[in-house]
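K.L.:
Here are the chains, one letter per residue:
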Amino acid sequence: MNKRVVQWTVILAVALIGTAVAVPAYPQEPQMDENFLLLMGARNATKMGNHNLAIIRYRRLLEGSPTLYDARRELGWALIAAGRISEAEEQFQSVLHAHPRDTESWKGLLEAGRKSGKRNEIVQALERLVELEPKRRDLRMQLALELHNRGRFAEAEQHIAVLLGE
Amino acid sequence: MNGARLIRNRWVMGVVLALYGTILWGGFHWIYGNEIELQRLARASDTPSPEQAMRAYETISRSRVTRTNLETFVALGNLLERVEHWNEAARIWRLVAAAAPEQEWPRGRLTLALHNAGRYAEAETHFVELLGEGAKQR
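Here the protein sequences line up with chains A and B, keeping their order. Using our numbering, count along the first sequence one by one with no gaps and you end on 254. Using our numbering, count along the second sequence one by one with no gaps and you end on 159.
In isolation and in its complexed conformation, chain B is listed as follows (with noise of 0.2 angstroms):
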């Protein structure tokens, strides 16, 4: 049989089609399951459970923050505060305030994160800063 003849062979190419679609499929889960974990987490009505959380924080957490995947971390950081681990969310919010210094959010975030895990002094800081406080001592 020809390669022609073989095109033309309706369940060659149904078959090829399924398995192309299963391998695109399969693909895009491997590469993006974590994210689509964390999303369906994030959109959750329920508060999702601390080692659902947990996971995509040890998952997601391992890749470096860009710019480009900023709104991943923010997702993540916003389900750690839902499930109360603070010094996770701190973690989250002291790498998404060093990947885009010009805004303030989240820092705010950061802060509060801190002073919700009890790491009051550390929180203090970012509130002297965030407050103005620190230009008035000057």
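Bound-form chain A, shown alone (with noise of 0.2 angstroms):
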């Protein structure tokens, strides 16, 4: 055999035998997508109750995808256990423009009326939430209370009839 094709053979095998080598054995899995981490690590630092940081990073991930509504309405909740209301109200408001039948958005208005002690947020909150699930008996007994204590008697009344069954 020629002397060139066997110094070829040998070096030919040496870089395979290397490239087999130098190649990572493990698997390769992508990147992890950074909205995701965002989320999480938004999520954990409410877990720690360390609701400024959570802010930040819930910002920074709707800066780059403004229509993640999910996370919009987890910053809602978030800035109401910081005591910041008037943005947290902004934030479900933002929500509810894009998808006016969504529960969770009025809950958390609702909830941001009762910290603001807005009694008008609270009744339209409430009154929203019992259109939207009429079968929650608790929200309907709370929105016929809220309307007793306001005076709105006959009003009440019919959350009222409802709940006795007449």
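Calculated from the structure, these hints are not laboratory results.
A few chain B positions that, by computed beta-carbon distances, are all more than 10 angstroms from chain A: (1) R29; (2) G47; (3) G48; (4) W51; (5) Y53; (6) G54; (7) Q60; (8) A63; (9) S66; (10) T68; (11) P71; (12) R83; (13) R85; (14) N108.
What the simulated footprint calls covered on chain B by chain A, stretch by stretch (three residues with Cβ under 8 angstroms from a Cβ of chain A suffice, anywhere in the stretch; the number is not a length): (15) 122 to 135; (16) 143 to 149.
One-sided and incomplete, this derived list gives chain A residues near chain B with beta-carbon spacing under 8 angstroms: (17) Q119; (18) M120; (19) L125; (20) L126; (21) M128; (22) N132; (23) K135.
Glycine included, C-beta positions come from ideal geometry on N, C-alpha and C.
Taking the hints as your guide, dock the two standalone chains into a single complex.
P.N.:
Printed below as a string of structure tokens:
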């Protein structure tokens, strides 16, 4: 056999073995999506009670992906936990602008209304929630009480009649 | 009966081959039994039972993680996540991350496992680094 052919065969064999050794034998997985990391990081911060850090992460996430409404709603709750009620209301309103029937955002607005003592907002949120979830007796009860406390007895009566099965 | 005649005897050769095959098969399963069981559990479409997953964890996690057996540990980590044994999964991802420090994804998996295990403070240190917040603070 030609000496040169032998040489090249040896070189190729060494190169092949070298490549096989150098190529990592472990699975290459895709890098984690930064949005997912930000969302989980924000949730982690919330669990730790560090609401301000959670808010920073939610905002960073929403800067890049403003249509992530689940994250926006969670940001609303984080803002409520941090006592930044008006900012929380903005976030819930923003979700409701895109999804007017989003019950979770109405619940967020209800909570924001309770924290800030805005009675009209509380009634409005409860009315919408009862409309969206007519079988939730607890919500109807809250609405009836709220209407009663505000002197709107006739309206409260309608809900009480439903609750009593009359 | 001399050796040559013994080799020519079909029955003798059949028995020898059968014994050889049995030893090979048995040896293979003895060495790779845990690995085979792990791969079976990892590929199962139904969620495996936590007991089976823990058995695989206890046997496989005794061995040292190297680059050559990293795939086994990745399969084990995935399996432990499927049965929601987050503390054990976190331990496996930590080992994988240490064996392949240039890779970011095992660190991400470790972080999520710690979060799901309720170890929020530990997870937080990793989140800060993964999100590049440490560099910003400096």
